[in-house]
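Which chain is which? The protein sequence lines are V and D, in order. Position one of the first sequence corresponds to residue 1 (our numbering), numbered consecutively onward. Position one of the second sequence corresponds to residue 1 (our numbering), numbered consecutively onward.
Incorrect hints may have been included.
Claimed, not checked - With the C-beta cut set under 10 Å, the calculated list includes, among others, these residues of chain V facing chain D:
no.	residue
1	H94
2	L96
3	D97
4	V239
5	S242
6	T243
7	V247
8	P250
9	S254
10	G334
11	K485
No wet-lab data here; the hints were simulated from the structure. These numbers come from a predicted model, not from an experiment. We put the CB at the ideal spot given by N, CA and C, even for glycine.
Below are the chains, spelled out letter by letter.
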Amino acid sequence: MTNPNEMTISEARDALSEGELKSTELVQSCLNAMEESRDLNAFITETPELALERAEQSDARIAKGESRGALEGIPVAIKDLYCTEGVLTTAASHILDGFVPEYESTVTENLAQAGSVMTGKTNLDEFAMGSANVTSYYGPVKNPWKLDDGKDRVPGGSSGGSATAVAAHLSLAAIGTDTGGSIRQPASFCGIVGMKPTYGRCSRWGTVAFASSLDQAGPMTKTVRDAAIMLQGMAGHDVKDSTSAPVTVPDFESAISGDVRGLKVGIPKEYQIDGSPAEIDAIWQKGADMFRDAGAEIVDITLPHTKYALPTYYIVAPAEASSNLSRYDGVRYGLRVEGDSLDEMYENTRGEGFGDEVKRRVLIGAYVLSAGYYDAYYVKAQQVRSRIAEDFRTAFQSVDVILTPTAPSTAFAIGEKMDDPIAMYMNDVFTVPASMAGLPCLSVPGGLGDDGLPLGLHLITKPFDEETLFRAGDVLETQANFTAKPAGYGGGK
Amino acid sequence: MSYLIKGETADWELVIGLEVHAQVISNSKLFSGSATSFGADPNSHVSLVDAAMPGMLPVINKHCIEQAVKTGLGLNAAINRHSVFERKNYFYADLPQGYQISQFLHPIVGEGLLEIQLKDGSIREIGIERLHMEQDAGKSIHDKDPRRTFIDLNRAGVCLMEIVSHPAMHTPEEAGAYVRKVRSIVRYLETCDGNMEEGSMRADVNVSVRKVGETGLRTRTETKNVNSVRFMMQAIESEAQRHVEIWESGGEVKQETRLFDPDTGETRPMRSKEEAHDYRYFPDPDLLPIELTQSYIDDIKAAMPELPDQKKKRFMDDMGLSAYDADVLVAERETANYFETVAKGRDAKVAANWVISNLFGALNAAEIEISESPISAEHLGALLALIADDTISGRIAKDVFEIMFETGQDPAQIVEEKGLKQITDTGAIEAAVDQVIADNPDQADEVRQGNGKAIGWFVGQVMQKTQGKANPQAVNKMLKDKLG
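When you get a sec, could you build the whole thing from the sequences and use the hints?
Okay, here's the thing in structure tokens:
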């Protein structure tokens, strides 16, 4: 039998229900892996006692034939952006030092109700702002994928800790959040599956807010099937979140039929960027070929406003963030650095408590909302945003799913792109348009780049059509047959 | 009637605009389920959302929307079917989110009109620009400790209606009448209790002056912290005077926010730096826009109670009351309801008299409200009926009234128990009259000789003899008959 921590959720589900494995064994296997791989810095807080306690409860339920379902007893790592009751929650920021919530986010509560077991809070870019997990107050996360050059590589961001945890088999699955690509891009860099559901599919209540109109919870897993299982446990309407969609949650796993004959796959020409590395075009082409081989139809489409998506995102997201982060002021919780006046206390606390990238985005956000610039930047960006959404609506009249690359490169080394924020922002170029339109999307490992590091393929479907997304993604995954592993993890050489 | 400040170089007139903040009557806050009741222990009505904990989100309280629409209709204003909540961003310790959820470009209520009546009886229409909903902030308490400020967030998140008038008032009296009228309407509608002392209704006053004949508007200042109509009028007077002095000395009035000091009767600049603020308004991405159907608005309108103006008109036209009496009776809905019960099927003017003079007199002396009146409206009405059908005289009725006030008893019962029925039996009256005439022959002669005043003395004597129970009119008539 495989080491328990190297299983997928569906494999573990079978093993648990057949009595071959206990949840406590499964969880312990992950806890051991976590201990051995602390150098990856994937976790900010580990919760072994809590995990084993929950695992015991899962085992008891399974023994009584009262398993709550596919997630019963499954270890899941939680991005440290979700408020977890009684467990330190930091958003990877100094400004939330010592913050222990007395409440549980809806998504993690749903996962707990489904029987899953939290093993710890994973590392991330501070306040989810970043694409490399290098801005965390708790230090950067290392991608388990390495090359012989001895340089540590970034796992992607902002959900870098969650991506590493899954890729290095420290957990069977993890959850992240995705605002402009923060689940999908690290999934691509780490050779795992990551998906962002339709905006409104999961509740945002209890999740530290970055950009309210973009943030979404999502699973990060080893397989597409596992992602469907995870989303099932996470999703659902929440009256406490006014932007939560009042739609029923279908059975996502049952949509995985293995059949995409006749499926229309759109290839948007605007994602062909001048100067893009050949390997990116190659993987994209490979993806289209794989679909064709499986009986799908490839259709050329146009999404004319694609090139405006990234600049628009970097107006809207910082604007909302600048306002959402105003509550971190040293008055009621977290870090407080005293001053001789209220204003001084604010300046001291936020000056010390926030990292550089957060400050950069808060300033950008305040600027684009400021008098004299609001119309030219924020209002304009929101108008362009509706054009981007319109592009997709038009495209989906002729296709069922859209295929693009996930990221414009493989995982770069920690330390690169630090001097140039724009170069860092370019990491999101393929993922951001779907975010701006609120569409469900998924990254599946497509193959390896020239340097032997993973490259992901990105699928986008219509609002609330995660079913087609999982169906198409599963076929792509089967076709791609990505079996490479990072050396030293999960049997990788 | 104009109010002018006679300066050295010219006569100056006032331009006044008011922003009234009215706390909405609702069980819970605008975006959270916390209680809104006044006077609770500090920080005991604060939810996770109110405290702006990480990950918290606002959820609209639909009752507050209804209250705002109702109030807008009461102000004869246009209801906007589409409105949007926007964030007003600034930092202060009693503002947990670092922004106030308010409405900026798209308020729920648009242009309206308020009719005010002045002391000289003249009527003016004051234009209202808009009404919008917003969160109230918490309270900062600066005087508990020399070096620290204490923050109480009980009030943070309570729904406020901000009612903005056009700069259409020109005298402190007009401003006072406007606020009183707004207060009366919201109390009638039960959308706000209008309690200025407790702070559930507050007024920010915008004042500017200009020379008579000038058409533009000069710089205005905003005065906050006025928690009574009287203080507001004082603030207006003092601020206008200050403006005139600055302009006439060749200076320029600085646009600023000022605080009213009730001890000095003057204003002073606010000490905080929160002056020239860029609030960076943008639509709140955590909330959906409000979309109201016409039928929703129509239903609210259909269920609205009769408002003071309509009631006053009805009291005057249908019941023949004077404008003054009608005004007094409609000022509070409870009073109007009480009065109508008393007046039902009876003489309205008599009823008005008894309520305004006798009842209010007794209530004021006892320092209680009409809602606590020991005399119910039904009982007062019954008392009037006893007078009307001559069961008791007006004089006796006053005694009965006093007993009713003390005991809360039914007047018929009191009359019965104390044997206060009026003596109308002519035989009995005649006996008393004859007795008094016989006992007082000199006074009788006076009357016979044409001294009309003496009749009054006889009436008094007869009344005494009958312990006040004789019907005075009958006594009078009989005396006249007997004494020529």
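Okay, the hints, checked on the actual structure:
no.	hint	verdict
1	H94	violated, 14 Å
2	L96	holds, 7 Å
3	D97	violated, 13 Å
4	V239	holds, 7 Å
5	S242	holds, 5 Å
6	T243	holds, 6 Å
7	V247	violated, 15 Å
8	P250	violated, 24 Å
9	S254	violated, 32 Å
10	G334	holds, 9 Å
11	K485	violated, 35 Å
Hints 1, 3, 7, 8, 9, 11, counting from the list given before, are not met by this structure.
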